[in-house]
Every structure is written in structure tokens, then in C-alpha cells.
Amino acid sequence: MAENTNSVQNELDYHKKKKKEEMKQQVITFALMIVFTIIAFTMVAAGLDKLFVIPIIVVLAIVQVIFQLYYFMHMSHKGHELPAIMMYGGISVAFLTILTFLVLIWW
Amino acid sequence: MSTTTAQRTGFGAVLWDYLTTVDHKKIGILYLISGGFFFLIGGLEAMAIRIQLIKPENDFVSAGFYNEILTMHGTTMIFLAAMPLIFALMNAVVPLQIGARDVAFPFLNSLGFWLFLFGGLLLNASWFLGGAPDAGWTAYAPLSTTSPGHGVDFYILGLQISGAGTLIAGINFLVTIVNMRAPGMTYMRLPLFTWTTFVVSALILFAFPALTVGLFLLMFDRLFGSGFFNANMGGNSVIWEHLFWIFGHPEVYILILPAFGVFSEVLPTFAKKRLFGYTAMVFATVLIGFLGFMVWAHHMFTVGLGPAANSIFAVATMAIAVPTGIKIFNWLFTLWGGNIQINSAMLWSLSFIPTFTLGGMTGVMLAAAAADYQYHDTYFVVAHFHYVIVGGVVFGIFAGLHYWWPRMFGKILNETLGKITFWTFFIGFHLTFFIQHFLGLMGMPRRYWVFLADQGLDTGNFISTIGAFLMAVGTIVFLINVIVTTSKGEKVSGDPWDGRTLEWAIPNPTPHYNFKQTPLVRGLDALWVEKTEGRKEMTPAEPLDDIHMPNASILPFIMSLGLFIAGFGFIYQIDNISWLLAVFIGMGITLGAMFVRSVKDDLGHHIHKEDLDKGAGL
Numbered sequence: 001m002a003e004n005t006n007s008v009q010n011e012l013d014y015h016k017k018k019k020k021e022e023m024k025q026q027v028i029t030f031a032l033m034i035v036f037t038i039i040a041f042t043m044v045a046a047g048l049d050k051l052f053v054i055p056i057i058v059v060l061a062i063v064q065v066i067f068q069l070y071y072f073m074h075m076s077h078k079g080h081e082l083p084a085i086m087m088y089g090g091i092s093v094a095f096l097t098i099l100t101f102l103v104l105i106w107w
Numbered sequence: 001m002s003t004t005t006a007q008r009t010g011f012g013a014v015l016w017d018y019l020t021t022v023d024h025k026k027i028g029i030l031y032l033i034s035g036g037f038f039f040l041i042g043g044l045e046a047m048a049i050r051i052q053l054i055k056p057e058n059d060f061v062s063a064g065f066y067n068e069i070l071t072m073h074g075t076t077m078i079f080l081a082a083m084p085l086i087f088a089l090m091n092a093v094v095p096l097q098i099g100a101r102d103v104a105f106p107f108l109n110s111l112g113f114w115l116f117l118f119g120g121l122l123l124n125a126s127w128f129l130g131g132a133p134d135a136g137w138t139a140y141a142p143l144s145t146t147s148p149g150h151g152v153d154f155y156i157l158g159l160q161i162s163g164a165g166t167l168i169a170g171i172n173f174l175v176t177i178v179n180m181r182a183p184g185m186t187y188m189r190l191p192l193f194t195w196t197t198f199v200v201s202a203l204i205l206f207a208f209p210a211l212t213v214g215l216f217l218l219m220f221d222r223l224f225g226s227g228f229f230n231a232n233m234g235g236n237s238v239i240w241e242h243l244f245w246i247f248g249h250p251e252v253y254i255l256i257l258p259a260f261g262v263f264s265e266v267l268p269t270f271a272k273k274r275l276f277g278y279t280a281m282v283f284a285t286v287l288i289g290f291l292g293f294m295v296w297a298h299h300m301f302t303v304g305l306g307p308a309a310n311s312i313f314a315v316a317t318m319a320i321a322v323p324t325g326i327k328i329f330n331w332l333f334t335l336w337g338g339n340i341q342i343n344s345a346m347l348w349s350l351s352f353i354p355t356f357t358l359g360g361m362t363g364v365m366l367a368a369a370a371a372d373y374q375y376h377d378t379y380f381v382v383a384h385f386h387y388v389i390v391g392g393v394v395f396g397i398f399a400g401l402h403y404w405w406p407r408m409f410g411k412i413l414n415e416t417l418g419k420i421t422f423w424t425f426f427i428g429f430h431l432t433f434f435i436q437h438f439l440g441l442m443g444m445p446r447r448y449w450v451f452l453a454d455q456g457l458d459t460g461n462f463i464s465t466i467g468a469f470l471m472a473v474g475t476i477v478f479l480i481n482v483i484v485t486t487s488k489g490e491k492v493s494g495d496p497w498d499g500r501t502l503e504w505a506i507p508n509p510t511p512h513y514n515f516k517q518t519p520l521v522r523g524l525d526a527l528w529v530e531k532t533e534g535r536k537e538m539t540p541a542e543p544l545d546d547i548h549m550p551n552a553s554i555l556p557f558i559m560s561l562g563l564f565i566a567g568f569g570f571i572y573q574i575d576n577i578s579w580l581l582a583v584f585i586g587m588g589i590t591l592g593a594m595f596v597r598s599v600k601d602d603l604g605h606h607i608h609k610e611d612l613d614k615g616a617g618l
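If you read the protein sequences in the order shown, they are chains F and U.
Each step along the first sequence adds one to the number in the numbering used here, with nothing skipped, and position 79 is 79.
Each step along the second sequence adds one to the number in the numbering used here, with nothing skipped, and position 276 is 276.
If you're looking for bench data, these hints aren't it; they were derived computationally from the structure.
Ideal Cβ placement from N, Cα and C applies to all residues, glycine included.
Mixed in with the good hints, there may be bad ones.
Label-pair ranges, simulated between beta-carbon atoms [as the list claims (entries may be wrong)]:
| hint | chain 1 | residue 1 | chain 2 | residue 2 | range |
| --- | --- | --- | --- | --- | --- |
| 1 | F | M86 | U | D546 | 31 to 39 Å |
| 2 | U | I340 | F | M86 | 34 to 42 Å |
| 3 | U | V322 | F | V8 | 51 to 59 Å |
| 4 | U | I340 | F | L96 | 41 to 49 Å |
| 5 | U | F65 | F | L69 | 53 to 61 Å |
| 6 | F | L96 | U | D601 | 24 to 32 Å |
| 7 | F | L96 | U | R447 | 28 to 36 Å |
| 8 | U | L591 | F | H15 | 46 to 54 Å |
| 9 | U | G306 | F | A46 | 39 to 47 Å |
| 10 | F | V103 | U | V596 | 42 to 50 Å |
| 11 | U | F60 | F | F101 | 39 to 47 Å |
Using the sequences plus the hints, can you model the full thing?
This is the structure in C-alpha cells:
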């Protein structure tokens, strides 16, 4: 009986720890996203060279989307493999299309 | 029961039943009938083309009319015949193969069908309303943007409506296969036809939006004065070609992959062996789907994309021969050492292998970009794509119909007539198209309505036309077969072929709810696993319980009818602004039906377990 209670207690601790871990990750990503946004706005406000600013903003935006999907929309959890495949499939088709239009038509 | 039987005998009741049905089996039959109807229309157009080309400088049809039948032959055969016939097989079989009681969205399944049908009817209405589209099935701008009359407008609106139906159907099958598999039916236990349906649905999801966008741009160019494809207004006509082929190339894989799936079901069944290299087959299917998106510009080698782009697309195209080759060898190894039984379904499947290999070989030839400058726009290309589409897709549909006919209609198609169909069609097909390779190499261009005498083209074209008549005879014999079987055929058991997959575990006729108890799947070829252990039926995965089924609805028909009416409004509003009224009425009907669907709760009905033994839902 004592053992049984112990294992329940262990399970509870494990879940608590996992939840805490997740919360920590969410807070960190949230902070990072705010920092990214501040960086983006400051760069524009500082009037740096466009060729320098635009790629960085695009990269920051992509990172933020990934954060959003994986930490806030729980794509990192189990059972999201298929939506992930479909999303990457769609993204790669869209990317190819845009790339074609950029390099083959409006060269 | 007697009252329900009496109710069902009336013609009006049957008609109403089919207009409102959300049952995947009945929608499969609707797809089969309408796809078959358009196949006959497309076939008539093909006959007109071949009669026109039977001798030099023939005047069976005029040049303008030739352009129309040529365009409509391609468009009808791809969008209105091959696609729905494949959807017919998918609807009839896929839910049964995965142990489901219906598709994930039965209402959408019905909507997808009616949108396709009304789109097809709108397109074909153009014959009676001042001329059909005449800019080729690819509708290249600026030919399509400047084509006079309303033909191309019918093409745009018709395909837009039926394309929406296809997209809906594709999404439906994706969700069905992801979510509705029976317990134990893991991805690597899916029958190969279901796997190909899955990959094809993903291709539909990603490819059809490109067509939708392209058609919208074309619609605005033609009907609302924009200039996306008009160089004078700063547009670029090459954009259409890219959009069309970003859709169009995956489209040909959308057609051929389910046919591959059919052969992968037929060959193991009649060779009494499990499919050789199942994992490799699945991998090859996914790889073909993946590569299908990276090769579209091989249709555009002569546009002038430059050597770098041409080389990339040439290499990517040739790469597709690798997974396809894997499949061909796996089919051959499935047959190797098998206890082979030859019947009509098997004849179509066996003849597919060499026929498709020929088409694949000319495909690799065409993929060589430098050589393509020689082949481009000649009959060599025509021969190539008829070898893969007729030799692959049509053979696959015939094989699938012979194989699954007892599942769909409870009777086996007449074998003698089936074999007559096969041999006349098979010989006719090769007579028609094999010679066209050489006509093309001799320089006969595509799409021309006449050719001149004494240029070495006379005999070849004559032979080709004779072959086309043989194919027509084969098709007519198949129709006779359907009538004979329906009226005189004997009812068979639920498993007439000693099948391997779940759809043969169901009694004949298939009950409304498919499976009384959801089956437990214990391996690849689920029914065969049970048979090897001496059982006749599947092990149930659940106790007998009430069965939840969706309600029938007329709304999908009304929504599609609304878009059909609005389509005419869009086409004619450029002549007379009062036609906008038809747009408002049509869209009002559609949106109204959507509103009704949204606010009215429709939770389906239950078949109670007490009634199951009394034959409810049969």
C-alpha cells in the first residue's frame, strides 16, 4: 500500500515537473519573442541599410512562427506528426512556386 | 420491412434517394454513372478527331469546330471522365478497406460530387450556347484570353466549380484515412489502393489551389478587364503556363497513382501471393507524389527558361523513373511463382505493365530537354501521354471496375464480354497510338485539323483511325456487358475472388452501415490473416452496439445548383449587365443553403442494435 501511494506521488511529481518545465519554456520563448520584436522595431527606427534590415526581420519572423507553433500551439507534443508533415509539404510547394516566380519569370 | 421495400421501388423515390444520399457507396455509383457519361462524350469527340484525320485534307469537320472538339476531348477526359471514375472507385472501396462506416464528412462527399457534376454540365452547356472552348485543354494565354465568344469562359467557370468539388473530395479522403481507420489498421497495414488514395488526396490539396488561382486570374482577364497575362498591360502570359503546370503535372500523378493502387490490389489477389515489397511500394508512391511537384517545367522546355532551369527539371523528371521502376519490378515479382488466375481484371492489369513501361520510356526520352525541342508539339507527345493515361489510368479503371463490380453491385461482370472488351480495346489502343510515335518523329504536328497528302503520313493516320474504331467497339461491348450483367447476372457471395483485404469481409449486398461491428485488424491483408488462421470472418473490435449514421440531405445539390446558375451570370454579365441578376440569385441560393446548413443541427440517426438482426439498414 505504501509503495502504491509512493508511485502515485511519483507520477504526480513527474507531471508537476513536466508542467513546470513547459511553463519555463513558454516564458522564455515569450520573452524572446518580445526581444525579437523590439530588435525589429529598433532596427527600422535606427534607419539602418535596407539590405541589412529586411533579411534579419524575415529571419526573426520565421523564428517567431516556429516558436508560436512549437511552444504555444504544442506542435512539439506527440500526435502532431501528420499535421507537421502536411504543413511542411504545403510550405515547400508554396516556397517552390514563389521561387519559380522570382527566378524564372521576373528575372 | 415490407413497407420500406415498397417505398424504394418507385422511380421518384430512388431518384430522391440518390439526389440526397450521403452514403459513400451510392456517391461512388453516382461518380461512376456521370464519369462514364462524360467518358462517352469524350470518346465521341475522340472519334470525330480520328475521322477527320483518316485521310489527307479531310473536311469532316471545319477547322474551328476541330479546335473545339480537340479542346473538349482533353478537358472532358481529364477533368470529367478520369477524375470522377477514379473517385468512383475511391468512394466505393476506401472506407471499406480501412474498416470505416462512411467517410469523415459524408455531407461534403455529396457536395463534392454535385459540384463536379454541375461544373461538368456547365462546361458542356457551351456546345449549345455559341461554341465550346477552343484554346486547348491547357488554355494557354494569350490564345485563351483573346479567344472570341464565350467558349473559354465556360471552360473557366466549369472547371472552377468542378475543381472546388475535387478539392473538397480530396480533403475528405485525407481526413477519412487519417482518422477513421479501424483498430489495428496502422499506416503500414493500409492496402495499397488506400495508400495511393491518401497520397493522391494530398496532391489534390496542394495542386488544385494553383489551378484555382490561375483560373481566377484568367477569369478576371477575360471578364473584368484585368491584364495579368497581357504583355501590353505589363502582364506576362508565361505566368499562366507556370500556374497551369504546377497544377497540371501533379494532376497526371493524381490520375495514375490510384490506377497503380488498383493493380497492386488485383495482382496479389489473382496471383494468390502477398504484394512483393509492400514497404518499397508505399515508399515509391510517396516519392512519386513528392517528385511530382518538382517537374512541372518539363512541359515548358521550349518556352525559353534557359539551360539551367531546363537541366534541373530534366534531371528531376528522369528521377521519377526510379520509383516507377521499383513499382514495375515489384508487380513482376508479385506474379513470380504465383498461382495466377487470368480473368478480365487480370488481363487489364497484366497488359498494363508493358503498355505503361512503353509510355514511361518515351517519357524519359521527352525528359531530355535538348531532344524535346525535336519532339515538342508533335504526335510523339500525343502518343506518349495516351500510352500513360489510357494504358495506365483507363486500363486501371477497367481493371478496378471488373475487380470491384461484385462489391459495388453484387454481381460479377460477364467474363466472355469482358474479354472481348479487353482484346478489342487493347489491340485498338496500340493500333491507334503506337503508330503515332512514328508520325510524330516524321514531324506531324499536334492539334492541326488537316495534314497534306504524300508526306508519308497517310497510312499511319489511316491505321490510327482504324484502331480508334476498335476501341469504340470495346467500349460499346463493355456497356452491353453492364446491361447484361445487371439484368441476367447471378448474385455472388461477399467474397467472390477469395480476397485479401477488408472490403471482402462484408456480406453481399453491402449493408448501409458497412460493418456491423468494427473489425480488428491484425496485419497487412487483414482478411487473409484471418483466413490463414482458419476463420471466415474478421474478429470484431467492439461489442454489438447502436450504429450512428449521417442523415441524407438535398442541400449539397442546391448549393451546387446555385453555383451553376451564378456561373451563367458571370459568363454573360459582360454582354448585358442585367445578367448580374443571375449571379445574385445563384450566389443567394448557394449562400442561403450554406446558412441553413450552418444553423440547422443535423446530428444524424442511430440504427439500434435490436433492429440490426431484423435487417435494418440493408
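Here is what the structure says about each hint:
Range check, F:M86 to U:D546: about 34 Å between beta-carbon atoms, so the 31 to 39 Å window is met. Between U:I340 and F:M86 the beta carbon distance is about 39 Å. The supplied range of 34 to 42 Å therefore holds. At roughly 55 Å, the beta carbons of U:V322 and F:V8 sit within the given window of 51 to 59 Å. Range check, U:I340 to F:L96: about 43 Å between beta-carbon atoms, so the 41 to 49 Å window is met.
Checked against the hint of 53 to 61 Å, the pair U:F65 and F:L69 passes, with Cβ atoms roughly 55 Å apart. In this structure the supplied range 24 to 32 Å is violated for F:L96 paired with U:D601, their Cβ-Cβ distance being about 43 Å. Distance hint for F:L96 and U:R447: a CB-CB separation of about 30 Å, consistent with the stated range 28 to 36 Å. Distance hint for U:L591 and F:H15: a CB-CB separation of about 48 Å, consistent with the stated range 46 to 54 Å.
Taking the beta carbon of each, U:G306 and F:A46 are about 40 Å apart, inside 39 to 47 Å as hinted. For F:V103 paired with U:V596, a C-beta distance near 48 Å keeps the hint of 42 to 50 Å intact. For the pair U:F60 and F:F101, the supplied restraint of 39 to 47 Å holds, since their beta-carbon distance comes to about 43 Å.
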